[in-house]
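Number of protein chains: 2
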Amino acid sequence: MKNIMCLNEIELETFLPEGRLDKAKALLNSPHYVDPTSVSSKDEWLSILKECDPEILMAGWKTPPLPENLSEVAPNLKYVCYLPGSIRKLVPRSAIENGLIVTSWGSSISRTISECALLLTLSCMRRVRYWTEEMHINGGWKTPETETQSLFERRVGLHGLGLISQKLVDLLKPFTDHISAFSPSVPDEIYEGLGVSRCSTLEDLFSKNDVIIELAALTPKTEGMITEELLRMIPKGGAFVNVGRGAVVDEDALARVAADRPDIQVALDVYGIEPLPVDSPFRGMKNVMLFPHLGGPTIDRRRDAGDHGLENLRRYLNGEDLMDPYDVRLYDRAT
Amino acid sequence: MKNIMCLNEIELETFLPEGRLDKAKALLNSPHYVDPTSVSSKDEWLSILKECDPEILMAGWKTPPLPENLSEVAPNLKYVCYLPGSIRKLVPRSAIENGLIVTSWGSSISRTISECALLLTLSCMRRVRYWTEEMHINGGWKTPETETQSLFERRVGLHGLGLISQKLVDLLKPFTDHISAFSPSVPDEIYEGLGVSRCSTLEDLFSKNDVIIELAALTPKTEGMITEELLRMIPKGGAFVNVGRGAVVDEDALARVAADRPDIQVALDVYGIEPLPVDSPFRGMKNVMLFPHLGGPTIDRRRDAGDHGLENLRRYLNGEDLMDPYDVRLYDRAT
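Order-wise, the sequence lines are chains A and B. Numbered per the working numbering, the first sequence finishes at 335, counting up by one with no gaps. Numbered per the working numbering, the second sequence finishes at 335, counting up by one with no gaps.
Since the hints were made in silico from the structure, they are not lab data. Any given hint could turn out to be false.
No copy labels: a pair is met if it fits in one copy or bridges any two.
[As the list claims (entries may be wrong)] Straight-line Cα separation of at most 30 Å, DSS-like style, residue types lysine-lysine; simulated pairs:
hint : residue 1 : residue 2
1    : 208       : 62
2    : 42        : 2
3    : 286       : 42
4    : 89        : 173
5    : 236       : 78
6    : 221       : 78
7    : 286       : 208
8    : 89        : 221
9    : 142       : 89
10   : 286       : 142
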């Protein structure tokens with residue numbers, strides 16, 4: 001039995017820099033290293049798995065998928081420590097059902113997404129999207145009529161109060177104390193600990209805040225939950241920011257509302273269909289800022305995901321509870 | 001003797017909303033109100049001054065200038081409470097020399113400028129200027145080679161450690177503990193109180209930080225102080241942000257360095273010549289973000305300047321020390 005580390009060169013450099021690689025090798029007890037770019041066929045990958053018969057696999061974006069008949073190919077595989085985010089291409093659902101332990105970067109990327117949310121919010125207040133075009137293409141400058149807004153003392157409403165929102169509250173606190181959230185399943189203690197007040201309805205969230213930040217998980221219940229009616233409730237001068245999941249929003253409605261209402265600002269990092277189609281109505285809109293899904297961990301912070309994986313590896317080896325392990329429900333919710 | 005309030009309608013609404021106007025009128029003891037847009041000539045303004053013979057003038061952007069022979073026209077004028085920022089068009093230098101007390105918005109706008117500095121810094125890390133054009137005009141999307149950076153745990157260096165920098169430190173602290181500053185005249189206690197380490201040279205500031213934020217006051221000593229040599233020391237992947245004064249930087253050199261080094265990001269809110277000329281080499285650069293001097297108080301925060309003025313008025317009437325009063329040195333430094 002020999003553990004496997006299957007990461008390409010860039011993954012080694014960015015997820016495991018500055019001594020982390022040595023730490024990983026030690027925890028994996030001198031694993032068999034596989035460069036995923038050198039695996040030329042599915043059969044070759046299966047024969048590596050068979051030969052090593054690993055207990056632990058440390059994996060990355062380019063690791064070939066695990067087969068449906070995993071229990072035959074690698075009967076002793078107990079734990080897959082996947083350093084990036086989404087495990088669905090790597091791990092078949094049946095493996096989770098059969099008790100394979102799998103972790104990904106989980107909560108370790110929350111703070112970089114919360115940073116993106118703050119950036120998009122501040123950008124809405126100062127109309128960065130508009131000014132970028134004005135200054136660079138139209139030779140523009142401000143006028144006495146130029147509208148500018150600050151985030152200081154503004155009312156900010158969060159849809160969802162999970163880990164990203166909780167990190168975001170830390171970043172918003174220097175600007176405002178008026179933070180509320182709509183997240184019915186989160187208990188009062190979490191709200192109180194964060195100093196966030198509870199919005200009892202989405203209608204309140206959208207009509208009584210200057211900035212609404214979308215961070216709800218995508219579930220059958222939340223899909224399309226942000227309707228045209230809600231979007232039209234955003235107060236004049238307000239902003240809508242989505243760094244969660246595109247499909248939580250009725251995006252056709254959002255495009256209509258953004259076109260009808262130059263008095264609101266919109267900033268999007270996520271979309272129902274990614275990459276965003278070239279002919280998306282959002283492209284070109286002066287009051288809509290667009291990012292190509294940059295929220296997740298920036299390259300310089302992949303090391304946080306590396307640290308998260310190493311800590312999980314240590315916990316696994318010590319028989320402790322792991323951070324953010326997958327179960328079938330989480331597997332089904334993942335993108 | 002009757003005090004004068006000379007503010008236009010927009011100034012009344014934005015500087016003195018929500019009860020502040022009544023408070024101002026009470027403090028000014030039912031002043032004579034002058035709508036500056038209705039004053040048709042210099043003579044009319046001088047006759048208003050003569051007739052009212054005010055002790056206090058509350059003034060705004062459109063208030064006509066005070067004359068050089070102020071002591072003849074308004075011999076009892078002791079205090080000019082100017083609600084906006086720069087008094088040089090309103091007040092002759094001789095009046096300051098002769099002991100006229102003048103205040104402006106002073107330090108009350110520091111936090112909105114610090115907010116702009118944070119926005120520009122985060123924008124550099126995520127390359128907002130580049131992505132705005134890519135997403136809106138070029139139909140772009142990220143690729144596996146897309147570079148992204150976070151502000152978390154980055155080294156940030158501040159040139160200048162005045163009031164704006166001090167507010168900025170509050171906003172940077174959730175991101176990083178690695179904050180240093182070059183500001184030789186600021187005593188150690190200020191650095192220690194803020195948790196900011198001292199850079200002993202500008203060379204250190206530029207070569208040993210990932211982000212350099214320019215906030216030094218413009219003086220004969222600082223003019224052109226940021227040379228090409230310094231700018232070329234910015235590390236690969238680094239950012240240079242100017243929210244202070246354009247003329248502190250050798251802007252021709254900055255344009256050359258930005259053109260030569262796509263590996264650094266630049267964000268500018270201020271320029272040696274404003275409005276920024278239409279043919280400025282900065283316009284169009286993919287790694288340079290441009291704002292039309294939006295740092296100063298956003299419209300929604302002009303009320304902070306109103307509060308600052310009202311507090312100074314109260315202090316003046318009670319014989320207390322005023323906040324940020326002008327002296328000749330400050331007058332000469334103002335733009």
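Hints the structure violates: just list their numbers, smallest first. 1, 3, 4, 5 and 6
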